[in-house]
Each structure stands twice: as C-alpha cells, then as structure tokens.
Amino acid sequence: MRIILTLLGKDFANLRRNRSALVLSFMVPMVIIYVVGLVFGLGRSDSGPSGIPLAVVNQSDNPAAQKLVAALQAEKSFHVITEFVNPDRTIRPLTETDLRPLIRDRRFSYALVIPPDVLSETQLGLHLKILSDPRNDIESQTVNGLLQKTIFTHVPDLLGQSLQARAKKFLGNPKLSEFNGSIATAVAKAFGGDPAKIKADIEQGNFGLEELAASPAKPGAASSTGGDILSKLVKIDTEQVVGKDVKSPTATRIVGGYAVMFLLFALSNSSAAFFSEKNSGVFQRVLSAPVSRAQLLWSRFFYGILFGLIQLLALFFAGHLLYGVDVFGHFGNLLVVCACVAAACTSFGMLLSALTRSPEAAASLATLLVITMSACGGAWFPVSFMPEFMQHIARFTIVYWAIDGFGGVLWAGNSFGQMLPTLGILLSITAVAMTIAVWRFNRSRIFD
Amino acid sequence: MLTLDHITKRYGSLTALDDVSLNIAPGEFFGLLGPNGAGKSTLMSLIASLRAPDAGGITLDGIALSTADAAGRLTLGLVPQHIALYLELNPEQNLGIFGQLYGLRGADLRARIDEALDAVQLNDRRRDQVKTFSGGMQRRLNLAAALLHRPKLLLCDEPTVGVDPQSRNAIFEYLERLNREGLTIIYSTHYMEEATRLCSRIGIIDHGKILALGTLDELLTQLPFEEEIRFSANAATATLAPALAVQGELTTHDGIHRFRPRAGAKLSEFYSLTESRGLPARLFTSQRPTLEALFLHLTGRTIRE
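Here the protein sequences come in this chain order: F and Y. Everything in the first sequence is counted per my numbering, starting at 1 for the first residue and increasing by one. Everything in the second sequence is counted per my numbering, starting at 1 for the first residue and increasing by one.
Hints listed in this document are in silico derivations from the structure and should not be mistaken for laboratory results. Treat the hints loosely; a few may be bogus.
[As the list claims (entries may be wrong)] No more than 30 angstroms apart at the CA atoms, straight line, and that leaves these computed lysine-lysine pairs for BS3-like:
1. F:244 to F:129
2. F:235 to F:149
3. F:278 to Y:152
4. F:278 to Y:131
5. F:189 to F:129
6. F:149 to F:168
7. F:149 to F:67
8. F:199 to F:149
9. Y:209 to F:278
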C-alpha cells in the first residue's frame, strides 16, 4: 500500500508541475462550459440572443403599427434601427429604399417593413415584409421566430382589426355593426359582461387573441397551438437581399469557422517548434551561418502563411466536394482572404511563442485561446447568441474577422473593394501581433 | 588569426566573461577547458557572432566580427553542444539545407555533401531519418554540417557529450586530420583527457576568466611540483603523513594520499624517509602531474564540482 501511495503521490506531484496538463484538464473545459452555458442562457437573466440589429421602416399610419415598433424596441433580442444618418450628420427616418444597400454593407442583416397596407380589406391577417441577409441560418431562423413572437404577443389587436376590416368588406358597415352586436350579446349571455363594452372591444379588434397567442402547447399535441393558428394570420413577404444564389449557406458558414479554428491550432503547434529548434541548437547553427534573426523570423512567418493558405484551400475544396460550397465562383477573392487569415493566424502563433517560455506553455495557452476565440468568434454558433459583452469581445478575435471575410466572399460575393475593411482589420491584427512578437523575440533569449 | 580583446559579457548581474583576451594562431588546435558554467559556451557564441559582447572586440583575420555582419560568419563553422539537426530529415537533406545557408548550390553542394558524408562514414545512411541514428552517428553528422562550407575556423562546443568511446575516437581522428590539413579549431570541453590528447594549446577558464594559457607542458610548469606520489591511506602509512607535510603538499581523497613535493625537493629524500619507516617502495606510485591537478591548484576545486 505504501508503494501505491508513493507512486500516487508521484503522479500528483508531476501533475502539479505540469501547467500544460492542468490548463488542458481544467481551464479549457471550464471556458467551454462557460461560453456554451452563456449561449444557452445559463446564468443569465435574459437568455437567448441579444442586440441583433433590426431595421424597421413603418409606412403605416395605423396606431397598432407604431405599437408593434415599440414592442420590437422593447425586445432585448433586437437593436431596432429606425433612423438614417446622412453624410452631413443630419438624421431622417429610414426608408425602404435605404434598406437593401445598408444590408449589403452589413450595417444590419434584417429589416422589417410595415407597409401602408399592413391591414387590408382584401386579405385576412397582417401583411409585413422582411428583408434579410441570412448568412447565418441559425440566427436567421431565430430572428424570424422572434419577430413572429413579438407580433403575436404584443399586437394581437392588429389581427383583430384585420378581421374587422375583412368583415366590413363583405358585410358593409351597418351589417357589420349588427353582426358585432349579435356576437357581443351572445358572448355576454354565455360568459357574462357588458354587451356594449364587448361590442366596442370587438369593433376595435380586441378579441382576446393575446390570451390565445400566449396559451402553451399541450404536451404531446402535434399542432394546433395558439401560435400556430395566429401564424396563419400573418403574411410575411420575405426578400433575401444577399446570398440568394448560394447553394449551401450552412456549409459555407461551418467550413469557414472550423477551418480557421484548425488553422489556429496547426500554426500554434508549428510555432511551438521554435522551442524545439532552440533547444536542439538548430537556431545556434542557423544563426552562426550568414543568416540574420530577421530572416529566420520572416521565413517562419511566410511558412505559416503558405501552410495556412494550403490548409484553408484544402478545407474549402473539401467543403466544395462534400457540400457544394462555391469555391470557384470567387476564387481570386477567396485566395486573398485566406492569405490574410493565414497571416493573422501565423502572427498569433508567433506571438504565443514569443510570450511563453516553453513548448508546453505555448501549447496549453494556444489551446485555451484558440478554443475561447472559436467559441466567442462565431465558429461554433452565431455571435448574436452570446451576451452583448461577449459580442464586443468577439470583435477582438481573429476567428470573428476570418468568418466575416469568408462570408463576405462566399456568401455575399463581395468585390475586393468591399472586402477591404475586413482585410484591413486582419492585416492590422497581423501587424500588431508581429510587432509585439519580434520585439519580444529580440528581448528574450530564444535565439541564444 | 582570431583575436579577442578584453571581452566582457554579462547576463543581468552575472558576469559570464570577465575581461577575456586571447589570440589564436592559424592552424592551432586550441582547447578551452573548464567546468560547466565556466563561460566556455558564452565565449563560443561570441566568437560565432550569436551574441554581442558588452565590452571588447573580436577580430578574425583583422576584420571585426559582429552580430550584424552576416558575411563575417562565412569563414566560421560551429558544432553546437546539442545535436543541431533536423531529426525528421535525412543527412542529405540536413546537409543540403545548411550548405544552402552558406550559399552553396547545385553540383558543388552535392559534391560537398558526398565528401562530408564519406568523411564521417555515413554515406550508406544518407537517406535514413537522422532520428533513427545512434548518438555517435548523430554527433558525426553534427560535425559534418559545420564543415560543409570549408570554414577557416571551426568552433566545437563540447562536441562529444554523450558519445560512446568508439564514436568519440572517430571524431577525434577526424578533427586531428582536419587540423593537420590546416583547419584552425577551438575546442571547448570539460574532459581533461580530450584537451590533453587534442589540443596544441589550452586555456583554462573558470567563472568567466582565463586562469591559465599555454601548451600542456607550459601549463604544468605552473604547478609548484613536478610530480605527484600517491599511496593508500591506511595504518601503515598513517605515521608518514605528518612528516611529509613538511616536505610538500599532502591531500587525501577517497582513501588515497596525494603527495606533491615542493619544487626543488629531491625524490631520494622521500624514499629515504619511507625506507626508514619500513615502507616498501611498491606501496607508492609516482606520476607526472595532470591538468586536473593544475585546475585544482588554480581554483581550489576539481573540474566536476
């Protein structure tokens, strides 16, 4: 028993000394649990997505339409945009014609138009219009669901008014008043209440539909919930502004996200090879030749870019073969984005090598950061599913901008000029990371 | 050929080299002998221009060496302490890479790779991964990689660490041949026997200072005795010790007395003394003093401490 205890103690002593194993065993899973938990609403009072930009153009003068806008503004999942800032900084209400170019510019991905004929005498229910850039299909489905929920929950009187308008077309005003009076009398007789008040409610479209909309589905019921009934009363015209011709939107998103995650892993591991070359004396030998430190670092940087380019293109080709991701339609631009992403990922790997003191430390820090960046940056699920503070953090990750770049090329078919802001950010990340890395390399003793 | 002029190198508060001056003549096989941490590798790295000294300068054939001057390194070859090779690659690929770093190309490079692999007897393993080689084979290839560009000055930083005796001997023979052919070699080691066998001149270094410099004979004359007499420390010889202390220096280590007569003392006096005490001559062995004795004399400790 004493021997077993001694050996047991040895294992724990080794574990305690092995920071890499500790990080991988405890820190990494904790980070994943935290991020995934946030996405699924754990530990948050307000679960679900938040702050998704939604442009709203209200062309109707119906007071209930304004009530719908107010309800959307109150919905924490949305950040409602109703105004347009002119180049001269003056502000005016958004119009429908503003929406398409703004969606293409990625100012927002979803827009709701409440048309003048939101209520029509010729059609039962509401008429709304949604313009979208559904590059992220999960987010898109969620936004549609949230819009329907908001409409049903907050503006059932619009639906009631629609019924009244339709009835008025068929019956005419006098007969509709008579009809409403009969209904009110029958309701009062059956359930009690003031027939005059009930009639006034009916005429205003207040049928108590909010209770129907809010009624939960019975367990095991296949359909027929209140929501299902109401959904038939809302006619939504949808217009996909961006990515109409993309055959496989899901694959386009997934391949890009996972490709950049694995590229980060590969390049981080490759940069850890710095340490083995240092420890083996290869650096000494190379630097004793007519080779400068700068040449050594640049060769490593260019290797990273070329390796990254090959890996990303191989994964996109796999996506093309397996799921029909359109790689060849925008090959030139895809190549440029891949090169910029590879440069950013390489600089990240070199920065890790410069900041750490051993290959084990570099590997464990890389795992922690790559997984965190992938989770926060949108490789696994839409960024909008995370709390707003995490959405801000996402913008500091390579993964976020890589996915943005891939989406811009493969989903939106952006031109080189349209991609410049994203490429600029990726190259800025590269420049900052490389500057710090080179500064650290020159100060550290990795070359000694 | 190589001149080190008052070189000082510090790492924070640690002075790794303290005002070291040295001249190496062409064709010399110079040994740098000292324990681990003495400053040997730092000195090697300064000569190889891997680091810059904090004070002093280094010139090779009258031209100053510096970390910024890559061209100056063309005449240098470095055999690092570790196996500085790409273990996943084969010898041909390794030598090809290092040769290209020195500007070798095409047929010239291929010819030199053949020549180098022949010289270190690895031609038959030229396409095997280096990681499959024995330690001795890797060491030989490590040496070959430093010679591909035919340097004028070869820096060997403890090149035989962890090598079996057979491979060590092969390396020695190769280095001796290269030196006979005119190559200047600086060889750092903490093995006395390596320095004794190989080097025409030796510098003893400790705590960043060159303590002694010269040929083996010149160094040994710095000792205050010319030979050392050893005998077992036992009851029979116990009475001898106090009497010998008057005639010279007596130290005892691991049950062995080491007696070093004062300079000018006559051995006949020693043997008269032992004879008078009934101790036969066979109990005593006399030998020429070694570098180890010199190191002990200079530093007050053995080289392995």
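Structure-based check of each hint:
1. Distance check on the hinted pair: residue 244 of chain F and residue 129 of chain F sit about 17 angstroms apart at the alpha-carbon level, within 30 angstroms; holds.
2. The suggested pairing of residue 235 of chain F with residue 149 of chain F holds, with an alpha-carbon distance near 14 angstroms, which does not exceed 30 angstroms.
3. Distance restraint check for residue 278 of chain F and residue 152 of chain Y: the Cα-Cα separation of roughly 26 angstroms lies within the 30 angstroms cut-off, and the hinted pair is therefore satisfied.
4. Under the criterion of a C-alpha separation no larger than 30 angstroms, the hint pairing residue 278 of chain F with residue 131 of chain Y is consistent with the structure, at around 17 angstroms.
5. A hinted pair counts as satisfied when its Cα atoms are at most 30 angstroms apart, and residue 189 of chain F with residue 129 of chain F does not qualify at roughly 41 angstroms.
6. Distance restraint check for residue 149 of chain F and residue 168 of chain F: the Cα-Cα separation of roughly 28 angstroms lies within the 30 angstroms cut-off, and the hinted pair is therefore satisfied.
7. Proximity of residue 149 of chain F to residue 67 of chain F is assessed by CA-CA distance (about 14 angstroms); at most 30 angstroms being required, the pair is judged to hold.
8. Taking the CA atoms of residue 199 of chain F and residue 149 of chain F, the gap is near 27 angstroms; set against the 30 angstroms cutoff, the hint holds.
9. For a cut-off of 30 angstroms, the pair hint linking residue 209 of chain Y to residue 278 of chain F stands: about 27 angstroms separates their Cα positions.
Hint violations for this structure: number 5 only, all remaining hints satisfied.
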